[in-house]
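A.B. asks: One-letter residues, chain by chain:
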Amino acid sequence: MAGVGGQGILSIAATIGLAAVEQNLFLKQAEVHGMSQRGGDVQSHLRLSDREIWSDLIPHGGADLIISVEPMEALRYLPWLSSGGWIVTSSVPYVNIPDYPEAGKVLAELDRAGNTIVLDADGIARDLGSARSGNMVILGAASSFISMPFTSLENAVRKMFSRKGEEVVAVNLKALHAGRDATGR
Amino acid sequence: MQKLLLLGDEAIAQAALDAGLSGMYAYPGTPSTEIMEYIQASQQAASDSVHREWSSNEKTAMEAALGMSYAGKRAMVAMKHVGLNVAADAFINSAVTGVNGGLVVVAADDPSMHSSQNEQDSRFYGKFALVPVMEPRNQQEAYDMIFDAFALSEKFRLPVLFRITTRLAHSRSAVARREKTMQNTLSLPGNPRQFVLLPAIARKQYRALTGIYETLRTDSVLDGHNRLLEGKGRGTGIIACGIAFNYLMENIGDNYGDYNILSVGTYPLNRDKVAALVGRCDRVLVLEDGYPMIEEHLRGLLDRDVTVLGRLDGTVPRDGELNPAIVASALGLKSTCGRDVPSLVRQRPPSFCKGCGHADLYSALAEVMAEAGPGRVFSDIGCYTLGALPPYNMVNSCVDMGASVTMAVGAADAGLFPAVAVIGDSTFTHSGMTGLLDAVLKDSPITLIISDNSTTGMTGGQKSQATDRLESICLGIGVDPAHLKVIVPLRKNHEENKSVIGAELKHNGLSVILARRECIQTASRNKKAEAAEKNKSGE
Ligand SMILES: Cc1ncc(C[n+]2csc(CCOP(=O)(O)OP(=O)(O)O)c2C)c(N)n1
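Chains as they are written, first to last, in my numbering: chain A, 1 to 185; chain B, 1001 to 1539.
Simulated from the structure, these hints should not be mistaken for laboratory data.
All residues carry an ideal CB built from backbone N, CA and C; glycine is no exception.
Hints are supplied without guarantee of correctness; some may be wrong.
[Stated by the list, open to error] No more than 16 Å apart at the CA atoms, straight line, and that leaves these computed lysine to aspartate or glutamate pairs for EDC-like: (1) A:LYS164 / B:GLU1230; (2) B:LYS1003 / A:GLU22; (3) B:LYS1003 / A:ASP127.
[As the list claims (entries may be wrong)] Per the computed footprint, the stretches of chain B lying under chain A, defined by three or more beta-carbons under 8 Å from a beta-carbon of chain A, are: (4) 1027–1041; (5) 1320–1328; (6) 1473–1486.
Please build the complete structure, drawing on both the sequences and the hints.
C.D. replies: In structure tokens form, the structure reads like this:
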């Protein structure tokens, strides 16, 4: 999982984590706290299995999926992607550095990287009237690559946001669905 | 009981609560911060009245924990690795006094320096102080080991050093809980002189300590966490310390029976187990996160009895965190790798948040300092250190908490004028106040700017001990009220702030400027919390 500090990739990770617990799967999720959370690049390694997981870190070339909320950040982790692995990423650049590459070139690189799904998660979320649910759109788009029933992700979203009220739950569920539907998978 | 999904830090915190903790003491520091944060947020800790306030620094935390132990109760203290340097005086001496109630000291190391100035290895502190060291391999073991840590501490009457690294601290996994232990009741040490380290007493206790240390090697509980896994054949034997075992298993998995392995979870090591491993192999590969500590012990000064592979011969890189790929290559296994990072991908260093007061302070300071020339701003550790990066390029030092003040004093002694120190509010109360007293006593010609965002920002916005106290602290230490100024670092005050800073820079004596504006992150979090509170009461 990739993004920029402050974009909230950890809420995607936490949602998958809740679903994994419900499914009785083994899980390890290594996250980055501290320094880089101030607008730097952040990443989280998430591993799910039906048997014991050893390393907290995914070996190079061992990731089945890169989920990214920022297009250039998705590319940063290509050394971890397995051959045949998938990338699901937002198309919306987060430009907080002076030398951010041309957006078109970033998208072209993503295209070249192989199995890639690029979607305007923020746009989709905005259309739903909830600009801040881009993360759940991305998770929805990635859901078909996560070997868990979609309903378990729905349950996890309910648990994640229940403290914030029914309305927030409903909007995030809608975002999750919209993300899945956008990929047509 | 349902399993909990916990960070390594949180597993340690929950375990301590379940093991009858009475007091938690800490100063924030990545990657240790979440231990205290978990206990502060815990309902269980609240209903059990566990003490859980932040301390001013790691030394005060360590001493308060020792005081709780003196009174017979179980205490834990947590810090990042460099925090143990600050607490070292209390820590080393606590091994000589020994403890009464169980005392566990958690040191969170940061190999690869994800958020630190160095990657020092806290296991050396264990050996230095002559105390048991525990190094869990995973979150569940971190939870379980804490129970043993408290029990061992009370059995040997020694503090136990609990060493973790960033990877375990900040990785989440499912953890099963145990039955809760009751807190100890208040009880004073049987020997009223136990904690009085006058030389005559200290000599006796230190001699006893050296004896106890050797018995630790074969203690069944402590050594029970070291596992000798005998495999087929000779070849390369492996000593894997802490989480290095996971990277090893990640690589050899189902073939682990082909290898002789010593999986290490505690120190000092049992010599017989090491001898048994060495006896079964032609050479030994040592995998340890941090410094090559066990590797050096095994090689010894002469490095000739055992063929050892590790960080010192280049089998493993000399510095930096281990990972599955490094271990694969050390084992001579083929490792996989995906595609290279495309060359268009740029570095994305951390930066000031939009609306950060530190940024506006540096813009003003940069313009004022342009005249004096570069190389005159000593700074410290916190968000404000980002003033070292473009576009400000203002900061010339970041060494250890508090050093900005005293390095400016020393440079001024050498004749550097003007010399400026920029320090954060929490860093100032951590270790800047004593340096300020030095500056006051000789009216050192420096300008100290305390960039007060009223929080401990870098580590996630913990309460700052300095909040609402800086003026009275500075005046109490003896700063001249005529040269104690307050500015508000906002764009609209730019010109005014420049003139205040400019005037104090010219003053040939000590000035202190408090640049005060609440952290934008803390402010928006507080606002949200307030709104949520209102919502609740509105229902
Ligand atoms: C001895 C030691 N303890 C803790 C830390 C971790 N640490 C680094 S910066 C920081 C917070 C500084 O807060 P403050 O001075 O208020 O500055 P801010 O980040 O809010 O700008 C802490 C706790 C450290 N580097 N060294």
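A.B. asks: All the hints need checking, so say for each whether the structure fits it.
C.D. replies: Results for each hint:
With a C-alpha separation of about 53 Å, the suggested pair LYS164 of chain A and GLU1230 of chain B falls outside the 16 Å cut-off, and the hint is violated. Pair hint LYS1003 of chain B plus GLU22 of chain A holds up; C-alpha atoms about 11 Å apart against a cutoff of 16 Å. Among the hinted pairs, LYS1003 of chain B with ASP127 of chain A is inconsistent with the structure: their alpha-carbon atoms are about 38 Å apart, more than 16 Å. For the region 1027–1041 of chain B, the assignment as covered by chain A holds, since 4 residues bring a beta-carbon within under 8 Å of that chain's beta-carbons and 3 suffice.
Against chain A, the region 1320–1328 of chain B contributes 4 residues with a C-beta closer than 8 Å to a partner C-beta. That satisfies the three-residue criterion, and the hint holds. A count of 0 residues in the region 1473–1486 of chain B with a Cβ less than 8 Å from any Cβ of chain A is obtained; the coverage claim is therefore unmet, three being the minimum.
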